[in-house]
Amino acid sequence: METIAVEYGLVLAGTLFALGLISVLVRRNVIFMLISVEIMLNAAGLAFIVAGARWGQADGQVMFIFIVTMAAAEVSVGLALILQIYHQLKTLDSDAADKMKG
Amino acid sequence: MNKVDLLSLIPLWILSSAAILNFFSISIRRNHKVIFIITLVSLLVDFIFLTSYSIRHQQSVEPLLVIDGFGIFNIGLIVLTTLMVVMMSYAYFEQREERKEEYYILIILAALGSAILVISKHFASLFLGLEILSVSLYALIAYLRKRERSDEAGIKYLILAAFSSAFLLFGMALLYAATGTMSFQGLADWLAAHREVSPLVWCGFGMLTVGVGFKLGVVPFHMWTPDVYEGAPAPVTAFIATVSKGGMIALLVRFFTTVQGHQLTLLVTVFTVLAVASMFVGNFLALRQSNVKRLLAYSSISHVGYLLVAFLAGGDLGTQAITFYLVAYFITTLGAFGIIATLSDKERDAELIEDYRGLLWRRPLTAIVFSAMLLSLAGIPLTAGFIGKFYVIAAGVRTSHWLLVFALVINSVIGLYYYIRVIAVMFDQRENVRTSEELHPLVYIISSFTMALLGLMLIWLGVHPEEMLTLIRNTL
Chain Y
0 METIAVEYGL
10 VLAGTLFALG
20 LISVLVRRNV
30 IFMLISVEIM
40 LNAAGLAFIV
50 AGARWGQADG
60 QVMFIFIVTM
70 AAAEVSVGLA
80 LILQIYHQLK
90 TLDSDAADKM
100 KG
Chain B
0 MNKVDLLSLI
10 PLWILSSAAI
20 LNFFSISIRR
30 NHKVIFIITL
40 VSLLVDFIFL
50 TSYSIRHQQS
60 VEPLLVIDGF
70 GIFNIGLIVL
80 TTLMVVMMSY
90 AYFEQREERK
100 EEYYILIILA
110 ALGSAILVIS
120 KHFASLFLGL
130 EILSVSLYAL
140 IAYLRKRERS
150 DEAGIKYLIL
160 AAFSSAFLLF
170 GMALLYAATG
180 TMSFQGLADW
190 LAAHREVSPL
200 VWCGFGMLTV
210 GVGFKLGVVP
220 FHMWTPDVYE
230 GAPAPVTAFI
240 ATVSKGGMIA
250 LLVRFFTTVQ
260 GHQLTLLVTV
270 FTVLAVASMF
280 VGNFLALRQS
290 NVKRLLAYSS
300 ISHVGYLLVA
310 FLAGGDLGTQ
320 AITFYLVAYF
330 ITTLGAFGII
340 ATLSDKERDA
350 ELIEDYRGLL
360 WRRPLTAIVF
370 SAMLLSLAGI
380 PLTAGFIGKF
390 YVIAAGVRTS
400 HWLLVFALVI
410 NSVIGLYYYI
420 RVIAVMFDQR
430 ENVRTSEELH
440 PLVYIISSFT
450 MALLGLMLIW
460 LGVHPEEMLT
470 LIRNTL
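Protein chains in written order, with numbering that gives the first Met the number 0: chain Y, 0 to 101; chain B, 0 to 475.
Just so you know, the hints here were simulated from the structure itself, not pulled from any lab data.
In this text, a Cβ means the ideal position worked out from N, Cα and C, and glycines have one as well.
Counterexamples of contact, computed for chain Y against chain B with all Cβ distances above 10 angstroms:
id, residue
1, T2
2, I3
3, L11
4, I21
5, T90
6, D92
30 angstroms max Cα-Cα, derived BS3-like pairs, lysine-lysine:
id, chain 1, residue 1, chain 2, residue 2
7, B, K99, Y, K98
8, Y, K89, B, K145
9, Y, K98, B, K345
10, B, K145, B, K345
11, Y, K89, B, K345
12, Y, K89, B, K99
13, B, K99, B, K32
14, Y, K98, B, K145
15, B, K345, B, K32
Whole structure, please, built from the sequences with the hints as guidance.
Below you can see the structure in the form of structure tokens.
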């Protein structure tokens, strides 16, 4: 079986990570920011799988499962907070939720 | 994992079973007092159990954790700090109408996460500890749902913490891809075997630095700190400033000493820049704050900068200086935020400097303890903060980090100005518009006791630091 070189996998993961990073920085909607952060986390997970495959170890996949679990916990708290913010501000624009300055 | 391993993790078991016990207790009947007592007792038991360990204890739970003197000392510090935070939380949450019981579960879990962090020696356990800590903190920061700024602070922290976790994880993945190992020791062996460090490894270290920098709140990754400090309830702010940041620093020390990061010149340069920037930016931004919580947030940024001086000095003296500084800083920060929590009323926290005008004449003891805490943050002799700063400078001088020492001295002077300003406001005699009744609900016996205890510890450590220093020296 022909295997894919590690570099390609890492480049793919890096590209995904950069896409997520850019969209966290430019998006103003809180939900989209949350989605972008998830993309970054999953890019890290992909990089772990690629690295695990390179060394033929299960560690990379174990880390991936940890990451998915953590991301789920994070999203559940995040969505609860977003609901709360929507109740208060009637908008999901992150500039509206920026009252603290200084 | 054998029986000995399981037994040596009892401090962690106690914390997790306390959380479960609280959980069941809430499902049977909501009672703030009962939950408070369960939490208090379990933290105390945990601490007493930790003191039974020999300081030379050395036990690794392969491949994830290592329980040594440094780890035990730091877990003890975390547990004790959590105990203090819980003690000052009772009065604070009792006067608020929202459901208060789950707060204690979350705070125990956060302490558990931080405890795992300080004994981890593998990326997987590092990640687990960090996430247990962070996810509990999201909920803790936004705990008071009726305060509008809580949600804002919560979501800001969540997005940025997840953002920094992603950086941390990607960095770990790159290091794993390059070296084939995720344990700190394995990484150290790999670095020792390969003199030529590939760009992939540098990339990994760089991303780890970004992730860690966010968690520590060093400049330029500091923008979340003031907002989160302001928006979170005062006891939670105390917790973030101490347990969360302290755990991360302890981890950083362990990681750096294991992989011998002091030999990687590029990394040392980056941390030097971060340290100097944190000191200056933190102090200069603190100068123009009119909100005490934000002022303490910026001051905490500069204090992380001071800690990095000892961290970069490295060696045994550096680690001792860091540990002592952490102890002193924990006491001081707990005291300062504890007083903000005691003075807070139902509607809002006592966070504006104006709330403190003439405090000395209304509540002399509180004002004196608060002044002592601020003077300790500034590093005035006879307080624990002075001894801490003295050791940091000593560590820096011994390893000839003149730039860092110089920056630290200048910043101590700048810092003095804004701490003294708050004290001057407290000593001001002008009659305040807000009467003391307004900011003065409920019985505060527990809170006052905690404050008095912290004040005494502060002075005691400042006058007789020898015993603490001997203890710290023995743990290394």
